[in-house]
Amino acid sequence: MAYPANYRYTREHEWIDVSGSSAAVGITDHAQDSLGDIVFVELPKVGDRVEKGKVFGSVESVKAVSDLYAPASGTVTAINEDLTTAPEKINADAHAAWIMKIELSNPSEIDSLLTAADYEAYAREEAGH
Amino acid sequence: MSAPATLRKTPLNALHRRLGAKMVDFGGWDMPVEYSGLIAEHMAVRTGVGLFDVSHMGDIQLRGRGTLDAVQHVSMNDASRLQTGQAQYSALLYPQGTFVDDVIVHKFSDNDYLLVINAGTREKDYSWVRSQAGRFDCHVSDYSDYYTQLAIQGPRAEQTLQRLTNADLSQVKFYWFTWGTVCGLPNTLIARTGYTGEDGFEIYVPSSEATSERVWKEVMEAGREFGIVPCGLGARNTLRLESALSLYGHEISDSINVWEAGLDRFCKLEKGPFIGSEALQSVQAAGGPERRLVGLEVIERGIARDGYRVLDLAGNAIGNVTSGSPAPFLKKNIALAYVPRALAEPGMEVAVEIRGCPVKAKVVPIPFYRKPKKVAASAV
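Line by line, the protein sequences are chains H and G.
Position 58 (the first sequence) corresponds to 62 in the numbering used here; numbering is contiguous.
Position 339 (the second sequence) corresponds to 342 in the numbering used here; numbering is contiguous.
If we strip away everything but chain H, and leave its shape as in the complex, we get (with noise of 0.2 Å):
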């Protein structure tokens, strides 16, 4: 699956997807692969302060817990509610199923993820191809 150019990635897999000082956040594809079916996400909450490279919260699969990653620092603005019933939906589409918004609190912080070519590459040679 192609890693959407305009995202910007870090090497825990969460994804960015930044338009101007706000900012959708999910895990990537090479993620949701390695995890397999996914069963559980621990969602933050609204209003909830994030911090780049901190905990916000997990995801599930059936047979792992993996940590999520901030990958920016932020206050939370919206969280997806649908993946509490449907978490599976990050399995379908990874790229698509975010998992929260936040407002930037230091946009600059961005500069230092990954492309997506530099993603591409850090998670093939992850994954021993």
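None of these hints come from the bench; they were simulated from the model.
Ideal Cβ positions, reconstructed from N, Cα and C, are used throughout, including at glycine.
The reader is advised that the hints may include incorrect statements.
What the hints assert, rightly or not - From the structure, some residues in chain H lie toward chain G, with a derived Cβ separation under 7 Å:
1. 15
2. 40
3. 41
4. 44
5. 47
To be verified - Distance ranges between label pairs, derived from CB positions:
6. G:333 - H:90: 35 to 45 Å
7. G:334 - H:16: 25 to 35 Å
8. G:127 - H:9: 52 to 62 Å
9. H:50 - G:370: 33 to 43 Å
10. G:318 - H:51: 38 to 48 Å
11. G:288 - H:90: 46 to 56 Å
Please build the complex by placing chain G on the supplied structure of chain H, with the hints as guidance.
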């Protein structure tokens, strides 16, 4: 990508990789954890049929006039009750009454028994049985590398396998076995056993790669009509957990005894002394074990996982989860755990500490899942 050189491979390793399976290190073996997806594989076994490569399991054969005495000495169930062609669940114990491993004992004849053992404990089990059986007139052989072991599991397993063998599978009862030609291979061991809590068979074919792949493909073809899928160790684990079957290193180990594990019905003290029996009698005489294995159903939102702490409702740590997972067929979050005997009654409420937070769970009867009774006139 090929397996790291240090991992052991079954004869079907190359096939699993060609099928695109996700591979994991399981007790030193490079094994498929899932192919199409764990939930789909789990459901196929509950409702149709699935095929597993379980060639990593070990096979120890005991032969000679003293074999029954040796088997009685090293295992806790009563092998003298077995008829030729019958198998039983049992375990190898240490003198303390704790587990070397759990095993399935097959009686081939009065002087010939086969023990099927776990992958991660193969060498340990073999040297244990050899050393303990030494004083009996009995020859112990490790046949593990001679067989490719395939498990065909699910309510459609019989119909699938029947297409490939001359043996009349309808005459083979659960935990019995027979010999037949399978895929043209004469004298193939066909056992109605498994580790899924479902009806099914395990077959033992010669371990050459070409033969193993040919049999695998013929089974897949025979089961196509019933929606057969290849299944990995992920589904194997969730299937056995729903059925509350023990896994070595989790529910049973060298620090857990038979009474704690709740395997009383497979432990026959009345057959006479065997390794571990004395210690188990002492535990019984002292009033029984202080902790017991129980089933837990998580009743608040959260998934209990292996190793998580179990708390009482006051927040005190009282035990540990040995296996925990979402249950794909039951659609509940379930776990097996050790708790003090006073809390080991169905209906008792406890909590599981999930990443720092107590999440409520209740003790429920096990197994969580029981296969439906066989319908006499099943649609063929």
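Do the Cβ positions of residue 333 of chain G and residue 90 of chain H conform to the proposed distance bound of 35 to 45 Å?
-> Roughly 19 Å apart at Cβ, these two residues miss the hinted range, so it is violated.
Do residue 334 of chain G and residue 16 of chain H keep their Cβ atoms within the hinted range of 25 to 35 Å?
-> 30 Å Cβ-Cβ, so the 25 to 35 Å window holds.
CB of residue 318 of chain G to CB of residue 51 of chain H, is that within 38 to 48 Å?
-> violated (28 Å)
Interface hint outcome for residue 44 of chain H [beta carbon to chain G under 7 Å] = Since the shortest Cβ distance to chain G is 6 Å, the answer is holds.
Take the C-beta atom of residue 50 of chain H and the C-beta atom of residue 370 of chain G, compute their distance, and say whether it sits inside 33 to 43 Å.
-> Because 42 Å falls inside the window, the suggested range holds.
Classify the hint on residue 40 of chain H as holds or violated, based on whether any CB of chain G lies nearer than 7 Å to its CB.
-> holds (5 Å)
Status of the residue 41 of chain H interface restraint (C-beta, 7 Å, chain G) = holds (5 Å)
Residue 47 of chain H as chain G interface residue, shortest Cβ-Cβ below 7 Å = At about 11 Å, which exceeds the 7 Å cut-off, the nearest Cβ of chain G leaves the hint on residue 47 of chain H violated.
So does residue 288 of chain G sit 46 to 56 Å from residue 90 of chain H, Cβ to Cβ?
-> 55 Å Cβ-Cβ, so the 46 to 56 Å window holds.
Holds or violated: is the Cβ of residue 15 of chain H closer than 7 Å to a Cβ in chain G?
-> violated (21 Å)
When you take the CB atoms of residue 127 of chain G and residue 9 of chain H, is the distance between them in 52 to 62 Å?
-> holds (53 Å)
In summary, the numbered hints that this structure violates are 1, 5, 6 and 10.
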